[in-house]
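Since the structure of chain Z is provided, determine the placement of chain L on it from the hints.
Quick mapping for you: the protein sequence lines, in order, are chains Z and L.
Using the numbering used here, the letters of the first sequence map in sequence onto residues 1 to 481.
Using the numbering used here, the letters of the second sequence map in sequence onto residues 1001 to 1492.
What the hints contain is simulated information worked out from the structure, not anything from laboratory work.
Given the structure is predicted, the values throughout are model-derived calculations rather than measurements.
A virtual CB, placed ideally from N, CA and C, is assigned to each residue, including glycine.
Wrong hints could be hidden among the right ones.
[Stated by the list, open to error] To give a feel for the contact side, a few chain L residues facing chain Z, derived at Cβ under 10 angstroms:
1. Q1072
2. G1153
3. R1160
[Stated by the list, open to error] Beyond 10 angstroms from chain L on every Cβ pair, some chain Z residues (computed):
4. A133
5. I279
6. D323
7. P370
8. P437
9. S454
10. A459
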Amino acid sequence: MLLLAGACALMIVDLLSKDERRRLSFWFAQAILALCFLATLYVIAESAGTRHVIFHGMFVSDLLSHVLKLFGYVAVSAALVYSRQYLLDRGLLRGEFLTLLLFALLGVMVMASANSFITLYLGLELLSLCLYALVALNRDAAASTEAAMKYFVLGALASGLLLYGMSMIYGATGSLLLPEVAARAGALAAGSESARTLLVFGLVFVVAGLAFKLGVVPFHMWIPDVYQGASTAVTLVIGTAPKIAAFAMALRLLVNGLPGLAVDWQQMLIVLAVLSMAIGNITAIAQSNLKRMLAYSTIAHMGFMLLGLLSGVVGGNDLNAVDAYGAAMFYTTVYVLMSLGAFGVLLLASRQGFECEQLEDMKGMNRRDPWVAFLMLLMMFSLAGVPPLAGFYAKFAVISAVVQAGQIWLAVAAVVFSLVGAFYYLRVVKLMYFDDPAADLAPAGGGGARVLLSVNGLALLAIGILPQGLMELCQVAIRSL
Amino acid sequence: MNAPLLSLAIWLPIGTALLVLAAGGDRRAPLQRWLALAGALAGFLVTLPLYAGFDAASAQMQFVELAPWIAQFNVNYHLGVDGISVLFVILNSFITVLVVIAGWSVIGTRVGQYYASFLMLSGVMNGVFSALDAVLFYVFFEATLIPMFIIIGVWGGPNRVYAAVKFFLYTLAGSLLMLVALLYLYGKSGNSFAVLDWHKLPLSLTAQQWLFFGFLLAFAVKVPMWPVHTWLPDAHVEAPTGGSVVLAAIMLKLGAYGFIRFSLPILPDASRELAWLMIGLSLIAVVYIGLVALVQTDLKKLIAYSSVAHMGFVTLGFFVFNAWGVEGALVQMISHGFVSAALFLCVGVLYDRMHTRIIADYGGVVNTMPRFASLMMLFAMANCGLPATSGFVGEFMVILGAMQANFWLAFAAATTLVFGAAYTLWMVKRVVFGAVANDHVAALKDLEPRELVVLGLLAAAVLAMGVYPLPLTEVMHASVDELLRHVAQPKL
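This is chain Z alone, in the form it adopts within the complex:
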């Protein structure tokens, strides 16, 4: 597995020399991704579901990590296709972009396979540093610089919190390896009161750091600014692959590392999840910038995903675990697909000298380009969770897990906030279909991006009609945990 990651890095170094020939490096990056994808597939076939631990137990190679990696490759590859024209128009498609992107992906991969606090932290920092740089990539834009600054300061703070929490847990358990931490923390938590206090303190910091990275309330402040400030191509990147990483991190840290404290972190996650859904959905209504609106929608969606994570273990009984974590994973995957598509539409609609990012810009999309409008309609209804689109089954699976965990009120809250959420997604549809175009903008071009966008949108519909395959994949992956 690491071999793969190494290969990835090596080839990136190669890329650096080809800075001038953008077209070539673009395809080269795509080829790397395809290669990694195939290699991961090969590893899956080879390992046949067994679990390998390498590097003195720092790194785990199981089905879950493989599947997450596959999603990661697809997400980044799609992101590249979507943003190509946009970046070319703005002269941003440079070696740095591709390199940083692939390194960020490498961070995601490391996190997906992390089996100790150190590896996890390493992956996280690799990802975060690349993202800070990506946000600042458009050096001349004040908004980008400001966003990068905010992102960096807050992100560093979050990393600090996370490290602090990890060190406390290390102090209590004497190990950095997640399985050992899990075993000792469980025993300690059941034992003396003082050890438990220390662990819970550590946990609070870990969860806070995690919440920062996930971008859930009350640690969400950076998301809207970064989403809005970064150029849309970078926002697309931030909105997709890192979500997979954040999910992996939450799963590894909390479920793998600290199952003994499930009762404690479940309570924290409930607060985070409900607050995120409430504030994310309600604030999104007031936004006039589409990117900012999608940022708040991300916050709400991550809150929803947490619901799945927190309903896995009920009273020490983890019968529900596969369903619940599988639901959360399914949710993350579907969210990444929807987010890809939504930002993809924005990128497609943007042209040289014109940024499509205000809600107003969607006006009359149906007149200008019925097919893209239809795809955006699919994304929006899917984000709102209306059947028969994939977003509905994601919500359905999570709410089902919550109900099975006996948290009916939580389910009702989730449902009420998704209703609030439906309002602003509907507004986008309304603008596209019911309003007349504000300016006479010719339909956007972009051959490859257009085709991929169609595939993306129709995939949401296909998953909506036959959700079984992806759900099963998620559950099988979770079982390997």
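Coordinates of chain L only, in the frame set by chain Z:
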């Protein structure tokens, strides 16, 4: 006989819708119209064997199709109809044909999208009526929102966006709580979404009552019952004629059908326990909304409120728990499907010529449009329940059912005959009769052949049902008996 008729009834219109969309933009409008008509007709034709091959003596589900769909949640693609739902599948497919014809020359912009929306809606609603798996039901139930939202929002009147969003959010609010209820039942029943299994599931009274409210909100919004009916007048007023027709004729029935398929058989004890509430709300709809209808100045609003009142009659019939009441309510649903469709089409005919729906702008239409006037008179009479029209049969049966339960109940329900007659006939008097009100009315042209066909078909249906309702009641009889037997048994 082994053809998957229900699947065809669902997917044939949806498939045609995709074809229509694929046919291209407005330049291909004539082709799209004919395609849509062919799809709608085909969809209607495949439902006819459903009636012909239906075994009326049996209360079992028929034409069952069962295939695994989402194995993780034990969700199946499970279709089937009993004597109740089969009628709605046919009604829906029939109305779709009429809607396609009615929009023929009226809709000039984005024709393909218009027809595709209606065909999809039709297929999805057939799905709601024939789904026997709760998730499948929910998916279809919700999927009706998207096409309707677009129909109202794109081809609607001046205030269409407000109406479309209100419609969408009201219905979504109701049905999301139903989703929680469905998931709770899924857990209770040992991981099954089969609606028929749920019918046998024992549940405590408290659980039943909570679930009842979960379902109530979803279905009450759709029916719509007082006090969550306020989206309906807005939606009707703004929707294009075809949208209003489908909304009144079929979509409102989805809610009432939900009561029959979910609330009553799954939660019989809570239903009996809370019948007072349901009857109370129904009577408010019948009496109060009847009065509200009286003062409307807008034709469509008047008919919309009249729909709410008539649907109040339907829910009243369900919750008196006897054969007269339930069968009457079902007949009323079908009849209302024809009559409200016809009345909205009549308004559409007038609106296409005059571009106003305000009652005061009309007067003396009979002088210039005699054929139209006579048809409209017939539908108006059916709306107020004149004997020999379909409206009479249902209302009479429900009142008989109410009489068996309680005299005063029947008395209050019967006031609808007075109010219904009052607001309908007064409206007809102001619009159709009297001297020619203004130059615009004087210039009106009578019905075109296309309009005559649509209204004529509906008139024939209304009269046939009024004179000889047996073919309808015969089909539903066994199923209704079974339902009532089921509701009478406690399952605590």
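Evaluated hints:
no., hint, in the structure
1, Q1072, "holds, 5 angstroms"
2, G1153, "holds, 5 angstroms"
3, R1160, "holds, 7 angstroms"
4, A133, "holds, 41 angstroms"
5, I279, "holds, 19 angstroms"
6, D323, "violated, 8 angstroms"
7, P370, "violated, 8 angstroms"
8, P437, "holds, 14 angstroms"
9, S454, "holds, 13 angstroms"
10, A459, "holds, 17 angstroms"
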